[in-house]
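J.: One-letter residues, chain by chain:
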Amino acid sequence: MIKFRLEERAKSPYWLIILSPFIAILVAIILAGILIVLAGANPFESYYQLIIGAFGSKNSFAETLARATPIILTGLAASIAFRAKFWNIGAEGQLYFGALATTLFGTGLVVLPSILMIPFLFIMGALAGGLLLLPLVLLKLYYKVDEVVTTLLLNFVVVLLVSYLLEGPWKDPMSLGWPQGKSVIDEGVLPQILSKTRLHLGFIISIFFAFSVWFILSKTVIGYRIKSVGLNAAAASHAGVPIFKTVLIVALLSGGMAGMAGVTETAGLKGYLTLDLSPGFGYAGIAVAMLANLNPIGVIFSGVFLASIYVGADAMSRAMNVPTYLADVIVALTVLCILLSLVFVHYKILFFGVKKND
Amino acid sequence: MIMTTLLKVEKITKKFGDFYANDQISFEVNKSEVLAILGENGAGKTTLMNILFGHYTPDAGNVNFEGNAIEFGNTNNAIKLGIGMVHQHFTLAENLTVLENIIIGRQSIFSLSLPKRQARVKILELSKKFGLPINPDELVANLSVSEKQRIEILKTLFLDCKLLILDEPTAALTPQETDALFSTIRNMIETGLSVILISHKLNEILAVSDRIIVLRNGSSVGEIDTHSADREKIAEMIVGKKIDYPQKKKIPRKSKVLSLVDVSYDKTDAPNLSKVNLDLYGGQILGIAGVAGNGQTTLAKILSGHFKPTQGKIVFNEAKSVHTSPKSFMDLGVAYIPEDRNSDGIVGDMEIWENAIMTEMDDPYLRNSLGIINKKTSFDRSENLCETYDVRMQSIRQRSRLLSGGNVQKLLLGRWLMRKPKIIIACQPTRGLDEGAIASIQNLLLKAQQNGSAIILISEDLDELLTMSDDISVMYKGMLSDPTETSSTDKLSIGLRMAGDGFL
Numbered sequence: 000m001i002k003f004r005l006e007e008r009a010k011s012p013y014w015l016i017i018l019s020p021f022i023a024i025l026v027a028i029i030l031a032g033i034l035i036v037l038a039g040a041n042p043f044e045s046y047y048q049l050i051i052g053a054f055g056s057k058n059s060f061a062e063t064l065a066r067a068t069p070i071i072l073t074g075l076a077a078s079i080a081f082r083a084k085f086w087n088i089g090a091e092g093q094l095y096f097g098a099l100a101t102t103l104f105g106t107g108l109v110v111l112p113s114i115l116m117i118p119f120l121f122i123m124g125a126l127a128g129g130l131l132l133l134p135l136v137l138l139k140l141y142y143k144v145d146e147v148v149t150t151l152l153l154n155f156v157v158v159l160l161v162s163y164l165l166e167g168p169w170k171d172p173m174s175l176g177w178p179q180g181k182s183v184i185d186e187g188v189l190p191q192i193l194s195k196t197r198l199h200l201g202f203i204i205s206i207f208f209a210f211s212v213w214f215i216l217s218k219t220v221i222g223y224r225i226k227s228v229g230l231n232a233a234a235a236s237h238a239g240v241p242i243f244k245t246v247l248i249v250a251l252l253s254g255g256m257a258g259m260a261g262v263t264e265t266a267g268l269k270g271y272l273t274l275d276l277s278p279g280f281g282y283a284g285i286a287v288a289m290l291a292n293l294n295p296i297g298v299i300f301s302g303v304f305l306a307s308i309y310v311g312a313d314a315m316s317r318a319m320n321v322p323t324y325l326a327d328v329i330v331a332l333t334v335l336c337i338l339l340s341l342v343f344v345h346y347k348i349l350f351f352g353v354k355k356n357d
Numbered sequence: 000m001i002m003t004t005l006l007k008v009e010k011i012t013k014k015f016g017d018f019y020a021n022d023q024i025s026f027e028v029n030k031s032e033v034l035a036i037l038g039e040n041g042a043g044k045t046t047l048m049n050i051l052f053g054h055y056t057p058d059a060g061n062v063n064f065e066g067n068a069i070e071f072g073n074t075n076n077a078i079k080l081g082i083g084m085v086h087q088h089f090t091l092a093e094n095l096t097v098l099e100n101i102i103i104g105r106q107s108i109f110s111l112s113l114p115k116r117q118a119r120v121k122i123l124e125l126s127k128k129f130g131l132p133i134n135p136d137e138l139v140a141n142l143s144v145s146e147k148q149r150i151e152i153l154k155t156l157f158l159d160c161k162l163l164i165l166d167e168p169t170a171a172l173t174p175q176e177t178d179a180l181f182s183t184i185r186n187m188i189e190t191g192l193s194v195i196l197i198s199h200k201l202n203e204i205l206a207v208s209d210r211i212i213v214l215r216n217g218s219s220v221g222e223i224d225t226h227s228a229d230r231e232k233i234a235e236m237i238v239g240k241k242i243d244y245p246q247k248k249k250i251p252r253k254s255k256v257l258s259l260v261d262v263s264y265d266k267t268d269a270p271n272l273s274k275v276n277l278d279l280y281g282g283q284i285l286g287i288a289g290v291a292g293n294g295q296t297t298l299a300k301i302l303s304g305h306f307k308p309t310q311g312k313i314v315f316n317e318a319k320s321v322h323t324s325p326k327s328f329m330d331l332g333v334a335y336i337p338e339d340r341n342s343d344g345i346v347g348d349m350e351i352w353e354n355a356i357m358t359e360m361d362d363p364y365l366r367n368s369l370g371i372i373n374k375k376t377s378f379d380r381s382e383n384l385c386e387t388y389d390v391r392m393q394s395i396r397q398r399s400r401l402l403s404g405g406n407v408q409k410l411l412l413g414r415w416l417m418r419k420p421k422i423i424i425a426c427q428p429t430r431g432l433d434e435g436a437i438a439s440i441q442n443l444l445l446k447a448q449q450n451g452s453a454i455i456l457i458s459e460d461l462d463e464l465l466t467m468s469d470d471i472s473v474m475y476k477g478m479l480s481d482p483t484e485t486s487s488t489d490k491l492s493i494g495l496r497m498a499g500d501g502f503l
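From first to last, the protein sequence lines stand for chains A and B.
As numbered in numbering that gives the first Met the number 0, residues 0 to 357 make up the first sequence, in order.
As numbered in numbering that gives the first Met the number 0, residues 0 to 503 make up the second sequence, in order.
Chain A stretches covered by chain B per the calculated footprint, using a threshold of three residues with CB under 8 Å from any CB of chain B:
{"#": "1", "segment": "222-228"}
{"#": "2", "segment": "236-248"}
Pairs of lysine-lysine, DSBU-like flavour, derived with a Cα cap of 35 Å:
{"#": "3", "chain 1": "B", "residue 1": "Lys326", "chain 2": "A", "residue 2": "Lys226"}
{"#": "4", "chain 1": "B", "residue 1": "Lys247", "chain 2": "B", "residue 2": "Lys326"}
{"#": "5", "chain 1": "A", "residue 1": "Lys244", "chain 2": "B", "residue 2": "Lys326"}
{"#": "6", "chain 1": "B", "residue 1": "Lys476", "chain 2": "A", "residue 2": "Lys139"}
{"#": "7", "chain 1": "B", "residue 1": "Lys10", "chain 2": "B", "residue 2": "Lys79"}
{"#": "8", "chain 1": "A", "residue 1": "Lys195", "chain 2": "A", "residue 2": "Lys170"}
{"#": "9", "chain 1": "B", "residue 1": "Lys476", "chain 2": "B", "residue 2": "Lys312"}
{"#": "10", "chain 1": "B", "residue 1": "Lys312", "chain 2": "A", "residue 2": "Lys143"}
{"#": "11", "chain 1": "A", "residue 1": "Lys143", "chain 2": "B", "residue 2": "Lys421"}
{"#": "12", "chain 1": "B", "residue 1": "Lys326", "chain 2": "A", "residue 2": "Lys84"}
{"#": "13", "chain 1": "A", "residue 1": "Lys347", "chain 2": "B", "residue 2": "Lys79"}
{"#": "14", "chain 1": "A", "residue 1": "Lys143", "chain 2": "B", "residue 2": "Lys307"}
{"#": "15", "chain 1": "B", "residue 1": "Lys274", "chain 2": "A", "residue 2": "Lys244"}
{"#": "16", "chain 1": "B", "residue 1": "Lys446", "chain 2": "A", "residue 2": "Lys226"}
{"#": "17", "chain 1": "A", "residue 1": "Lys244", "chain 2": "B", "residue 2": "Lys255"}
{"#": "18", "chain 1": "B", "residue 1": "Lys240", "chain 2": "B", "residue 2": "Lys14"}
FYI, nobody ran anything at the bench for these hints, they're computed from the structure.
C-beta: ideal position from N, C-alpha, C; glycine also.
With these hints in hand, go ahead and build the complete structure from the sequences.
T.: Here it is, written out as structure tokens:
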């Protein structure tokens with residue numbers, strides 16, 4: 000009989016750390032390929048269609064980057080929070096809150112020149128996302144209420160609130176009965192950055208924030224405190240790190256990033272608030288952050304990767320007649336494979352046979 | 000008397016990556032013998048025991064038990080052969096009775112009832128034979144540490160163990176309980192059992208063992224007959240160099256720096272305190288003795304601003320009222336060495352330099368006004384700290400969890416001492432450290448006292464309290480006795496008070 004056991008590595012080899020996410024993605028693609036075969040299509044051709052669909056033309060490439068924009072921001076939201084072991088699962092709700100703020104301030108209430116209007120909307124969106132998280136983080140700090148539960152459940156409340164507003168008081172009278180908000184005024188609309196595509200300034204802004212978050216986390220006292228609280232809150236507190244303040248800052252930063260994802264979608268992609276503004280960008284952010292191992296620069300790449308799967312899967316589904324849900328399966332498998340690959344990075348497997356006593 | 004070999008360990012080697020945790024270690028254990036294994040943290044004792052008990056598989060070497068090769072990586076096989084182990088941290092189910100705890104895990108999971116009657120007879124018999132009094136129907140949750148340890152030992156005896164491995168068995172016992180444990184060990188030896196004892200406390204090893212094996216850096220560096228052993232020589236073998244033992248000098252008492260007035264703590268999250276009074280003076284070391292769990296940790300957390308007393312007040316010399324937070328106490332000059340340095344002291348997954356500057360994040364030398372950390376000055380400060388306090392490491396960029404216990408403690412203490420604290424609350428500062436590191440830590444504390452710091456030393460090690468303290472108080476069930484001058488007390492009377500003598 001062959002037995003095996005896991006043994007912790009004293010130090011993980013660099014090649015393994017670098018190679019492991021690629022191997023994980025490869026394994027996920029192979030596993031999803033089996034499903035494609037079961038769906039009655041040729042997996043090689045399907046994946047070819049997927050890649051063409053995501054990167055094959057200027058338009059599809061732009062579409063992938065446009066899709067990556069909110070996912071990068073929600074990915075940053077998850078990265079910041081998870082680094083401090085603050086489990087913010089509520090990026091979806093914070094995104095919609097940011098979108099509500101954009102609609103409130105961006106549809107005529109405030110009129111500024113573009114150069115001020117756009118930053119103003121981003122600030123309002125970030126504040127809205129952060130403020131939504133504030134009562135939850137206070138509940139956690141004062142009464143130890145688990146934030147996984149509160150942030151997750153509040154998502155549904157916010158989506159229902161958006162639904163109420165769009166069906167009622169905030170419904171655009173010009174929308175021919177569709178439940179959508181008023182259009183963002185021209186000064187507030189994020190300009191196109193590639194002509195005749197939907198790629199807008201939001202993408203550049205999301206990259207800018209990825210680098211900003213990287214800078215904050217790796218170079219500043221705040222980032223240092225976030226790291227220490229996440230890795231060992233008890234020890235950090237004994238060394239005088241203010242836990243309360245640090246967690247509060249984490250929550251505001253995290254909620255702020257997610258709120259800004261609502262701004263890019265409302266003021267950039269669509270131009271107005273709709274009920275289907277986010278097909279789960281908040282949750283996708285968690286997967287993005289996990290894929291990037293919580294590294295803000297890595298979030299850019301994993302965000303684009305996820306977006307390409309979603310955009311490409313649409314094309315694949317049309318060309319090969321397989322369900323678009325395969326995109327969700329590929330993403331889920333990739334996250335699982337990445338998590339599994341971390342086990343192999345940190346542990347080695349020892350096989351041994353059982354010796355007979357002689 | 001003819002010696003029969005029970006256990007024969009031959010050239011055991013265990014590598015973790017490039018690191019040799021055990022390098023060709025060989026020894027024997029005879030029947031009716033207590034073998035002590037001594038060594039610093041990281042010397043390879045625990046790895047070796049885990050190999051014997053079937054937790055690890057070695058890379059090379061053999062182990063024979065009564066002439067049979069043991070099957071590596073198989074704990075059940077080790078138990079079947081007659082090897083029993085009592086870990087430092089107990090493995091009992093608190094919600095079951097003593098009897099159930101002892102027989103649990105020995106039945107097939109499909110059997111419907113536990114053969115309690117026969118088991119009870121056997122357990123009571125063993126309990127009488129080895130002097131391990133127990134009540135088989137008591138819930139384990141209601142037992143004290145030493146009683147739980149008895150259950151662990153009985154568990155191994157119940158499985159007919161021939162070789163008992165005890166890992167740091169006296170870590171949480173009073174002197175009286177330690178004596179009782181040692182007489183149990185002697186009983187076992189008389190009936191033909193053998194014991195492997197792992198301990199840091201040299202005095203205890205000398206009192207109870209027959210032979211001593213010293214490990215250093217994964218290799219065996221010597222084997223000594225206990226009756227011909229010399230304490231200081233063994234200590235030097237363990238560390239590999241001459242030890243500079245601390246010399247206590249009494250210094251005149253300065254002004255009062257802190258007092259507690261009728262401080263009580265009455266919540267469910269920690270052992271409670273009732274009406275604790277205490278005065279502390281600059282240049283004084285006040286020792287606090289007590290069995291773990293009697294409220295010492297709560298007291299330390301109140302003194303360091305982690306807990307707010309439910310009643311009573313804390314008066315610092317100069318400050319009138321204090322906001323209760325670790326940071327504001329720190330700013331008043333309080334330094335706190337927590338009991339568990341790995342979970343409360345150091346952030347193991349951060350680099351050494353990051354831990355070294357953790358208390359200093361307000362220092363403009365290490366950061367600019369925008370909050371950007373100056374890596375260069377931070378590295379300089381950390382290098383300086385490691386050099387001043389002899390923290391041995393390869394690089395300040397290495398992860399802190401790779402440091403040995405002694406070096407972690409020197410880093411934590413050094414971090415505080417650089418701030419020139421007025422008050423040092425040291426909880427078990429030398430627990431689990433080797434002789435060399437103990438001497439360094441104690442010397443650092445004595446030097447801080449010479450420089451005028453007031454020190455509260457909370458320790459379960461009475462030898463340490465007696466050598467270090469000017470005065471000693473005892474904690475029992477949340478009450479603190481008045482201090483007694485160290486020169487006018489002894490181990491026996493402190494031990495009695497630790498067990499509740501003299502408290503209402």
